[in-house]
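Take the sequences, apply the hints, and build the full model.
Each protein sequence line maps, in turn, to chains L and B.
When you number the first sequence by my numbering, it's gap-free, plus one each residue, and the end is 279.
When you number the second sequence by my numbering, it's gap-free, plus one each residue, and the end is 326.
These are computed hints drawn from the structure, not numbers from a lab.
In this text, all values refer to a predicted model and were calculated from it rather than measured experimentally.
Built from N, CA and C at the ideal position, the CB exists for glycine as well.
Don't take every hint at face value.
As the list claims (entries may be wrong) - Derived, one-sided and incomplete: chain L residues facing chain B with beta-carbon distance under 10 Å:
id : residue
1  : PRO9
2  : PHE21
3  : GLY27
4  : VAL28
5  : TYR30
6  : GLY135
7  : ILE136
8  : SER139
9  : LYS176
10 : ILE220
11 : GLN245
12 : GLN255
13 : ASN257
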Amino acid sequence: MIKVIDPGLYSSIQDNGRFGYRNIGVPYSGFMDNESAGLANKIIGNKESQSLIEITLMGPTLLFNNDYTLSITGGDFSSLINNDKIEMYKPIHVKLGDTLKINHTKSGARCYLAISGGIDIKSILGSKSSFKGITSSYFLKKGDEIKIINNDKSNFSFNCKSVFKIDSVLHVSKGPEFCMLKKDSLDMLFNKKFTIGINNRMGYNFNEKLQVGLKSIISSPVLPGTIQLTPSGNIIVLHRDCQTSGGYNRILQLNEKSLNNLSQLKNGNKTKFKLIN
Amino acid sequence: MKYFIYSSNSILITYNSDINSDLIQVLSSLKSKIEIDYEEYLIDTVQSINSLLVVFDSNKISVDDFYIKVKSIKTGKTKNKLKSKIWEVPVCYDPSYASDLEEFSKSKNLSKQDVIKIHKSKVYDIMSMGFLPGFMYLGNTDNRLYCERKPRPSLNIKKGSIGLALNQTCIYPQDSPGGWHIIGSSPINFFDLKYKSPCFAKPADKIKFIEISKSRYESIKKNKSIKPNSQII
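Now the structure itself:
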């Protein structure tokens with residue numbers, strides 16, 4: 003069992019997501035940065051899709067009530083076990099009574115804490131990912147006790163070099179309503195920089211406005227990575243917790259790699275959109 | 094009809110025809126054909142009001158190959174109509190559950206009784222589900238009930254609330270902020286994780302609202318596991 007001494011800014015249990023229920027309005031949820039999360043699991047011999055703890059901007063303090071093997075990947079968060087600095091992208095063995103403190107980020111927005119065996123909670127609609135309205139708790143709170151699945155025979159032979167890199171270029175393809183954009187909007191979209199504004203697991207806003215006055219469309223399916231343009235000219239990139247349908251024009255679609263990358267960018271970071279085929 | 098590669102693992106099929114019960118049936122039948130023929134590749138099929146999004150596993154098939162497969166499916170109304178159900182959903186229109194009924198009626202120059210009568214007199218299609226798990230978009234409402242969304246969304250609409258916006262009516266399956274005009278409430282569960290299928294209804298089914306009294310509302314509410322009556326059409 004792992005006890006939450008301090009939950010950090012926003013830490014939640016996630017796996018690779020809840021699939022097959024979008025038709026009744028259930029979002030995918032799951033790891034924001036799939037690549038980093040998958041590596042955290044692989045390093046300690048878990049399946050890449052195994053449940054773990056996703057950490058945002060400022061990390062938690064956790065107390066271990068058993069011996070575990072863990073790994074941390076993703077954004078560069080300095081982490082200490084009982085005041086000793088630990089390395090990321092490596093299996094770390096901890097003992098009963100050890101405390102892990104994950105500080106705030108030096109680069110990137112999210113890191114992933116995987117524990118060998120994975121998290122022992124009930125799977126709901128095929129997934130352990132936290133989501134309000136589906137799971138009873140949807141972020142870690144002080145005093146929470148996280149159970150871990152017992153795992154004696156894991157192998158830690160996977161040798162991993164950190165491949166973590168943040169890219170300011172977001173790769174997009176055309177969305178169904180791309181043709182609604184005027185020439186000067188297109189020029190702006192692919193030549194100007196856009197600044198990340200308010201964001202969360204549902205979506206990312208940008209500070210700059212694009213074309214104003216596009217009429218809403220009939221409520222239609224959307225996916226994580228769908229880039230919407232609101233009638234008032236705001237650009238929204240939908241992310242893992244996004245709802246299943248929406249009435250804004252779907253001008254672009256972010257690819258999976260850039261969706262992972264976006265989840266590591268922060269409020270105020272500048273980005274550029276690049277159209278790919 | 095238009096086929097569009099939406100992402101590296103999804104294809105969007107959009108119909109340009111008028112929105113009516115027939116279109117919902119066509120989409121629903123296309124959805125089940127894809128689900129039967131290409132089950133091995135599928136992750137999700139999402140039906141909305143005039144389109145269908147098919148999400149597949151791109152480790153199993155390339156987007157170009159899947160595009161060809163989906164496009165080759167013959168569409169149109171099937172002779173054997175899909176089995177859909179009409180669900181009888183109890184609604185209480187008492188002012189204590191209908192925070193916007195009075196203002197809404199005034200704005201439409203109708204009496205509250207008229208609004209209730211018009212609302213419950215129609216059988217609605219479930220055109221789509223989304224926004225929240227189990228949130229139903231039902232249409233189309235009578236023209237006399239047409240309205241824009243509220244300029245300011247309410248911060249806390251209660252679970253079970255029945256709303257009106259544009260030419261649709263909806264049911265809130267959980268507490269949520271929202272911009273629809275609330276004219277009543279249903280005491281039953283619309284999204285229940287106790288069941289393998291958390292929603293009793295699905296897109297292309299139909300909903301008929303049955304007016305109930307406040308006391309009936311309270312007594313149904315106490316009996317938590319109640320499911321609405323249905324008939325196959």
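Checklist entry - Which of the listed hints are broken here? => result Failing hints, ascending: 1, 8.
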